[in-house]
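J.: Spelled out from the first residue to the last, the chains are:
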Amino acid sequence: MTDRVTLALIAVFGVPLLLIAYITASEWLLGLLRIRRHDAIRPWLWLGPALALLALFLVYPALNTAYISLLNAGSQHFVGLANYRFVFTDATMLLALRNNAIWLVLFTALVVVFGLATAVLTDRVRYGSLAQALILLPMAVSFVAAGVIWRFMYDFRPAGAAQTGAVNAVLTALLPGFTPQAWLINQPGNTVALILAAVWSWTGFAMVVLYAGLKSIPHEVLEAARVDGAGEWRILARVIVPLLRSTILVVATVMIVTALKAFDIVYVMTNGNYGTEVIANRMYKEMFSVQDFGRASSIAVILLLAIIPVMLFNLGRFRSQGSN
Amino acid sequence: MPRNRRLLTYIRMLMVLATGVALAACGQKAGGGAAPAPSGGRLGGTVSVLASWGGNEQDSFLAMVKPFEDQTGVKVQYEGTRDLNAVLTSRVQGGNPPDLAGLPGPGQMSVFARGGKMVDLGAVLDSSAMRQQYSDTWLQLAQVDGKQVGIFIKAAVKGLIWYNPQQFAKVSGGSPPKSFDDLMSLSNKIAASGTAPWCLGLESAATSGWPGTDWLSDIVLRQSGPDVYDQWYQGKIKWSSPEIKKAWQTWGQIAADPKMVYGGKQSTLSTNFGTAGDPMFASPPKCYLYDQGNFISDFFVKDNPGLKPVDGFNFFLFPDIESKYPGSTQVAGDLFGMFRDTPQSRALIKYLTTPEAQAIWVKRGGALSPNKQLPPSAYPDQIAGQEAQLLTSAKTARFSAGDLMPQAMTDAFYKAVLDYVQNPGSLDTILANLDKVQADAYRR
Numbered sequence: 001m002t003d004r005v006t007l008a009l010i011a012v013f014g015v016p017l018l019l020i021a022y023i024t025a026s027e028w029l030l031g032l033l034r035i036r037r038h039d040a041i042r043p044w045l046w047l048g049p050a051l052a053l054l055a056l057f058l059v060y061p062a063l064n065t066a067y068i069s070l071l072n073a074g075s076q077h078f079v080g081l082a083n084y085r086f087v088f089t090d091a092t093m094l095l096a097l098r099n100n101a102i103w104l105v106l107f108t109a110l111v112v113v114f115g116l117a118t119a120v121l122t123d124r125v126r127y128g129s130l131a132q133a134l135i136l137l138p139m140a141v142s143f144v145a146a147g148v149i150w151r152f153m154y155d156f157r158p159a160g161a162a163q164t165g166a167v168n169a170v171l172t173a174l175l176p177g178f179t180p181q182a183w184l185i186n187q188p189g190n191t192v193a194l195i196l197a198a199v200w201s202w203t204g205f206a207m208v209v210l211y212a213g214l215k216s217i218p219h220e221v222l223e224a225a226r227v228d229g230a231g232e233w234r235i236l237a238r239v240i241v242p243l244l245r246s247t248i249l250v251v252a253t254v255m256i257v258t259a260l261k262a263f264d265i266v267y268v269m270t271n272g273n274y275g276t277e278v279i280a281n282r283m284y285k286e287m288f289s290v291q292d293f294g295r296a297s298s299i300a301v302i303l304l305l306a307i308i309p310v311m312l313f314n315l316g317r318f319r320s321q322g323s324n
Numbered sequence: 001m002p003r004n005r006r007l008l009t010y011i012r013m014l015m016v017l018a019t020g021v022a023l024a025a026c027g028q029k030a031g032g033g034a035a036p037a038p039s040g041g042r043l044g045g046t047v048s049v050l051a052s053w054g055g056n057e058q059d060s061f062l063a064m065v066k067p068f069e070d071q072t073g074v075k076v077q078y079e080g081t082r083d084l085n086a087v088l089t090s091r092v093q094g095g096n097p098p099d100l101a102g103l104p105g106p107g108q109m110s111v112f113a114r115g116g117k118m119v120d121l122g123a124v125l126d127s128s129a130m131r132q133q134y135s136d137t138w139l140q141l142a143q144v145d146g147k148q149v150g151i152f153i154k155a156a157v158k159g160l161i162w163y164n165p166q167q168f169a170k171v172s173g174g175s176p177p178k179s180f181d182d183l184m185s186l187s188n189k190i191a192a193s194g195t196a197p198w199c200l201g202l203e204s205a206a207t208s209g210w211p212g213t214d215w216l217s218d219i220v221l222r223q224s225g226p227d228v229y230d231q232w233y234q235g236k237i238k239w240s241s242p243e244i245k246k247a248w249q250t251w252g253q254i255a256a257d258p259k260m261v262y263g264g265k266q267s268t269l270s271t272n273f274g275t276a277g278d279p280m281f282a283s284p285p286k287c288y289l290y291d292q293g294n295f296i297s298d299f300f301v302k303d304n305p306g307l308k309p310v311d312g313f314n315f316f317l318f319p320d321i322e323s324k325y326p327g328s329t330q331v332a333g334d335l336f337g338m339f340r341d342t343p344q345s346r347a348l349i350k351y352l353t354t355p356e357a358q359a360i361w362v363k364r365g366g367a368l369s370p371n372k373q374l375p376p377s378a379y380p381d382q383i384a385g386q387e388a389q390l391l392t393s394a395k396t397a398r399f400s401a402g403d404l405m406p407q408a409m410t411d412a413f414y415k416a417v418l419d420y421v422q423n424p425g426s427l428d429t430i431l432a433n434l435d436k437v438q439a440d441a442y443r444r
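As you go down the protein sequences, you meet chains A and B in turn.
Quick note: my numbering has the first sequence finishing at residue 324, numbered continuously throughout.
Quick note: my numbering has the second sequence finishing at residue 444, numbered continuously throughout.
Read the hints as simulated data drawn from the structure, not as lab findings.
A virtual CB, placed ideally from N, CA and C, is assigned to each residue, including glycine.
One or more hints might be untrue.
A partial selection of chain A residues facing chain B, derived with a Cβ cut-off under 7 Å [claimed, not checked]: (1) Phe156; (2) Ala182; (3) Asn271; (4) Ser289.
Computed, partial: chain B to chain A, Cβ under 10 Å [claimed, not checked]: (5) Asn85; (6) Ala86; (7) Thr89; (8) Val111; (9) Gly209; (10) Ser267; (11) Ser270; (12) Pro279; (13) Leu418; (14) Asp419; (15) Asn433.
So that you can see chain B by itself, here it is in the shape it has in the complex:
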């Protein structure tokens, strides 16, 4: 009897203890998260960042934020994934968004903003300072319904045709082609001599196919003009329309011809975009031309140690196709948005918009800044300077179409590029399928 009573008392004590611990846990969980712990004027705490940069690009981003970390004591927790859209969407929907995130493009940004998931940066950033540092185009692209929900912290120019100057001079006789027709005849000449003129790599994990979408954006812009381009990314003109179909066929002259691309379509589809340019620097070179954005120079330097800009690699802009649409440039940028309003995330996004921060990545190479106040001394070499010129002084500049379309359309676009390279004869089926997705994707 006494033993049973003692046991009962113990159990009652444990019940009280258990309930107490449970309540304490609930209380602590509610107050958890990026709680600031200011100590001696420094902000402290952590801020989480999600973006699609890996490898060298990730190193550059971390170098960009290092002065911020040293100054404020805030620890930046960076996570990179190429499947940015899916990871970001699932985290946002799961109620666990990162503090700051790179956004796939203005299209997806507006979906998040309209769903109320993003913090209005008008309250965080000084709008007059922003207007001084960023041109209207950059600001408007990152606005939804008049509210500034995103800000571009890095810019890029696409449609740069890279080449190995020494090798290229041997096959081209000196100066870069002035028109697309010249470029095609040069390519045919090189192909006839036995080596493939072009390198091409479309693989990029979950977003494989995106380099092809950049090619097509450049072609549509130069072949059919900016008005058709605008209608195209806004979904107002069908994929099977003659202008768009012509662009695919023009691209197919290069991408779908096994003589034109090193390794044929197998290589195109399996090679990662970052390493696809390396055969240009082999001896003997396996290809001579590589169309990619300005950021590829970072990959060149990483894969080929000792390679220097201007001597080792250089570029010329994708030439005009139709003379009535001259001087077109395709631009892109890394758009950042805030998903959680904390003192740390405010401090970081303010820092990232400053010309000093952006100069760090620009100096390392492979990046351009949309900030007008960036000092010209930040450009590490002549190539970066030329790229920045293109960014600011293009006659007809358009943002990369794939990034402006709704995500469902972009995904179908990527897949269509891969399908077209694998099976060029099925272009009509591919375009019909894109039309179906277009009818659906722009409705929301």
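Just chain A, same shape as in the assembly:
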């Protein structure tokens, strides 16, 4: 117990103190060296600790992973691109890649659509903030917990037995001839079931971001459109969405990255069985079950390469927005 308290104290007080010490020392050093271009050197000295940490915890592991991906399973000898060839030829890996593509399209589309819908709708109702709080609540739950919740929701019992899964129970009660379905087992619907659970988790995030964007649209524009006689749907399609384009793109890019690295939902709900395998789950299995470090690293590198264009796109948008 005492070393945890000490650790907390160190983190809260010691780290800022160390930083102040470092800055003071570097300023003193600059003072000593009578170089004219202090202003050119100073930024690098101040950034030093941050750059060092980045290099140690981000750059080095990335490079090391890329190196390991060229070695064999036990990292003993060089095998070139054999691991990458495996990723693109193995049946399970291809299935995972296909599923991630489905996640990419469906998950992103559903989150953006639901986020936009809830943002626009909650804006117009008196109980809007309550609704928003409820929609945002799933974000507060860890994604593993969300997976467990939805496993119970999708639970299956044979026809005639008492239904323990909420989805089957509601549908059996409402629809007369409905036989309970094993949502997580039937292919290909089970991937959609998993995606819906993930959408439940993330819609709140999209709604909040889009709502902020919505609020920044000037009132006059919407008033003018209404005065001109445009109906609400038209306003949504022709005025709101175009004005929200950059916000929607931000949300979409974050959701694309989330779809690419989806793991918890799949691991908890189906463990990748019944055709629901995704890349991150395979990486976990290769690393910890099969213990093939080469393959696991190559999957990690491919995931990184897939995400880089999305990140660059985002950065480009921030840049262009910043310069505005």
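Based on the hints, put chain B in the right spot on chain A.
T.: Below, chain B alone, put in the same frame as chain A:
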């Protein structure tokens, strides 16, 4: 001017303070961990244990170690996960292993041992006492390159076909089937009357599919004999070979036929192995037979309060398939290993190997002990006694094949079971895939 100087002095003092605190932290972190704090002769301290038991099984394990905690003052920190292999591997590789851990099987144990991650128990346990208490088979299964790296603290018998005696008597006319053919014709008879004869549940979180691997082990052992069985788990005979394929097809007569299993394949794939036997005790019963290990009795009792052994539930051993391979039994066990050598972990593993400790779980039900010195009075009921008989007196006993294979092979095996139940027509593709994994998995 004076204010700036004072500020500078303060900052210099803070620098010294910060450096001092940082150094103190480093020093303390290095000495941290399960540091023993002996007080008055009792050992004290903590020991961490990682295993795959949850629910009732977890309660039993904690009850088993309670006398140890009371006696030595060592606190046992138990963590359970069904994804034992992945959690254990990641912790071992992360340099943060548990002190003691249950191991998925001898296959994975040798991977850890050869990587130097496990403590040689020859230095911890009294080898002559071990040889007196454990038969050679149990000791050898837990050895790697001649070193004792693991020890079995619990044993199990698999391939027990459980039934509800009152309900079963109504459909079977009394005595259990003597051969597999008899069992199949009985099953067909029950199916023809409208109720499914078998219960089956394969779900088990990250290791879903393992009950099917036990079925297949029993079938291969009885259908093709112990030699083929040994070649099979050692990876010396292909999955697509006629003997193994025949075993899958034999199992498919039950598992892949919707009339034979309650709820069909949907239910098979979504029902947890622990609750899959419950429909036997419903009124009217939804199924009559459930193939599971001896430990399932614990789950029966938990889910159906008031259910008593012998009257409420009983078992018969999976019958012979080929008469030239009679009296086969599939056994399994919980293998424990030490990953960190501390006085507390030594004390605990020594305690866990004693017959007194193992008797505690045996008395609670759902466990058997591999220890020869276990008092017969420890068996709580006739069923446990019969199970223990099977364990010690089987003509042909073999350890569960899935646990003996390398982990990658076992994982593929589990998945193949699930794929086969979902799509029985794709058996050839499934076996070809298993062959591919086999070529890879046994190389290391």
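J.: Hints first: check each against the structure and report whether it holds.
T.: Quick rundown of the hints versus the structure:
For Phe156 of chain A, the interface hint holds, since its Cβ comes within 7 Å of a Cβ in chain B; the closest pair sits about 4 Å apart. Below 7 Å, beta-carbon pairs count as interface contacts, and Ala182 of chain A has one with chain B at about 4 Å; its hint therefore holds. This hint holds: Asn271 of chain A has a C-beta 5 Å from the nearest C-beta of chain B, less than the 7 Å allowed. The beta carbon of Ser289 of chain A comes within 5 Å of a beta carbon in chain B, closer than 7 Å, and the hint placing it at the interface holds.
For Asn85 of chain B, the suggested interface contact is upheld, since its CB lies about 6 Å from the closest CB of chain A, less than 10 Å. Annotation: Ala86 of chain B was flagged as interfacial toward chain A, and the flag holds, the nearest CB pair being 4 Å apart, inside 10 Å. For the restraint placing Thr89 of chain B at the interface with chain A, the shortest Cβ-Cβ distance is roughly 5 Å, inside the 10 Å limit, so the hint holds. Of the supplied interface hints, the one on Val111 of chain B holds, with its beta-carbon coming within about 7 Å of a beta-carbon of chain A, less than 10 Å.
Look at Gly209 of chain B: its Cβ gets to within about 8 Å of chain A, closer than 10 Å, so that hint holds up. For Ser267 of chain B, the interface hint holds, since its Cβ comes within 10 Å of a Cβ in chain A; the closest pair sits about 5 Å apart. The interface hint given for Ser270 of chain B is met, as the beta carbon of that residue sits about 4 Å from the closest beta carbon of chain A, less than 10 Å. With 10 Å as the threshold, the beta carbon of Pro279 of chain B comes within range of chain A, its nearest partner Cβ sitting at about 8 Å, so the hint holds.
Interface hint at Leu418 of chain B: satisfied, since its Cβ lies 5 Å from the closest Cβ of chain A, which is below the 10 Å cut-off. Below 10 Å, beta-carbon pairs count as interface contacts, and Asp419 of chain B has one with chain A at about 8 Å; its hint therefore holds. At a threshold of 10 Å, the smallest CB-CB gap from Asn433 of chain B to chain A is about 7 Å, leaving the interface hint in force.
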